[in-house]
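> These are the residues of each chain, in order.
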Amino acid sequence: GIQVEQSPPDLILQEGANSTLRCNFSDSVNNLQWFHQNPWGQLINLFYIPSGTKQNGRLSATTVATERYSLLYISSSQTTDSGVYFCAAPGTGANNLFFGTGTRLTVIP
Amino acid sequence: DAGITQSPRHKVTETGTPVTLRCHQTENHRYMYWYRQDPGHGLRLIHYSYGVKDTDKGEVSDGYSVSRSKTEDFLLTLESATSSQTSVYFCASGLSMNTEAFFGQGTRLTVV
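For the record, the sequence lines run as chains E and G.
Under our numbering, the first residue of the first sequence is numbered 1, with each subsequent residue one higher.
Under our numbering, the first residue of the second sequence is numbered 110, with each subsequent residue one higher.
Errors might be hidden in some of the hints.
[Unchecked claim] Per the computed footprint, the stretches of chain E lying under chain G, defined by three or more beta-carbons under 8 Å from a beta-carbon of chain G, are: (1) 29 to 35; (2) 51 to 57; (3) 65 to 76.
[What the hints assert, rightly or not] Not close to chain E: a few residues of chain G, all C-beta gaps over 10 Å, as computed: (4) Ser116; (5) Pro117; (6) Val128; (7) Thr135; (8) Asn137; (9) Glu168; (10) Arg177; (11) Thr180; (12) Asn207; (13) Glu209; (14) Ala210.
Hints were generated in silico from the structure; no laboratory data involved.
As the structure is a computational prediction, the values presented were derived from the model and not from experiment.
Ideal placement from N, C-alpha and C gives every residue a C-beta, glycine not left out.
Whole structure, please, built from the sequences with the hints as guidance.
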């Protein structure tokens, strides 16, 4: 299956700082999703973004499918942004999402 | 939010006993998935279904079976639970394999 790599693995931010999380994938994709797993374990959909750029409040995401990467931007971070961020994509001919191992974000007040 | 519920949310069971986890969705999604989440591995696919009675294996299917008798329900069964199956299990659903997938709240299973 497709290889999905995320960086950095860990990130600590002061409240109010901005950050960029990266997701690289090894094959062409027609579906890419970003999720936030909060400290209670819930997986929350952030973006469904096979290509292009989307914004939702302080978060935005860009996928450049031809170069096989996606970026998640978090601006003016808040303590509630803490948790693990996952990207996931299906491989060619695959019927499911393959997940990266995540970026653990800690926002300190 | 998509209506996907898992039950039970927490379970402790003994080695060798059978266990069934249930996933119920109200979105009329065709595809349903079972993943397990373990430290250092992210989420890995156990089994998935692409329609009623249509299922297939995922990356880590050994020791698990599934059934889907109705569009809205997808059951995961551990025939004889082992300690290596201690994990957090997530169910997901989607209209198709290339559309957005939505996840349930997760089930924390401990096998002692």
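> Work down the list of hints and note, for each, if the structure agrees.
Do the hints match the structure? See the list:
Counting residues of the region 29 to 35 of chain E whose beta carbon lies closer than 8 Å to any beta carbon of chain G gives 4, which reaches the threshold of three, so the coverage claim holds. With 0 residues carrying a beta carbon less than 8 Å from a beta carbon of chain G, the region 51 to 57 of chain E misses the three-residue requirement, and the given coverage is violated. Counting residues of the region 65 to 76 of chain E whose beta carbon lies closer than 8 Å to any beta carbon of chain G gives 0, which falls short of the minimum of three for the stated coverage. Interface exclusion of serine 116 of chain G from chain E stands, the closest Cβ pair being 15 Å apart, more than 10 Å.
With a closest Cβ-Cβ approach of about 14 Å to chain E, proline 117 of chain G is found to remain outside the 10 Å limit, as its non-interface label requires. The non-interface label for valine 128 of chain G is consistent with chain E: the shortest C-beta to C-beta separation is roughly 19 Å, beyond 10 Å. With a cut of 10 Å on Cβ distances, threonine 135 of chain G stays outside the contact zone with chain E, its closest approach being about 16 Å. Asparagine 137 of chain G, annotated as away from the interface, keeps every beta carbon of chain E farther than 10 Å; the closest lies near 18 Å.
Listed as a non-interface residue, glutamate 168 of chain G fails to keep its Cβ farther than 10 Å from every Cβ of chain E; the least gap is roughly 7 Å. Distance check on arginine 177 of chain G: its Cβ is at least 14 Å (rounded) from any Cβ of chain E, clearing the 10 Å threshold; non-interface status holds. Once the 10 Å rule is applied to beta carbons, threonine 180 of chain G is consistent with being away from chain E; the minimum gap is 17 Å. Distance check for asparagine 207 of chain G against chain E: the nearest CB is about 5 Å away, which does not clear 10 Å, and the non-interface claim fails.
Distance check on glutamate 209 of chain G: its Cβ comes as close as 4 Å (rounded) to a Cβ of chain E, failing to clear the 10 Å threshold; non-interface status is violated. The claim that alanine 210 of chain G is not at the interface with chain E is violated, since a C-beta of that chain comes within 10 Å of its own (minimum 6 Å).
Checked against the numbered hints given earlier, the structure breaks hints 2, 3, 9, 12, 13 and 14 and satisfies all the rest.
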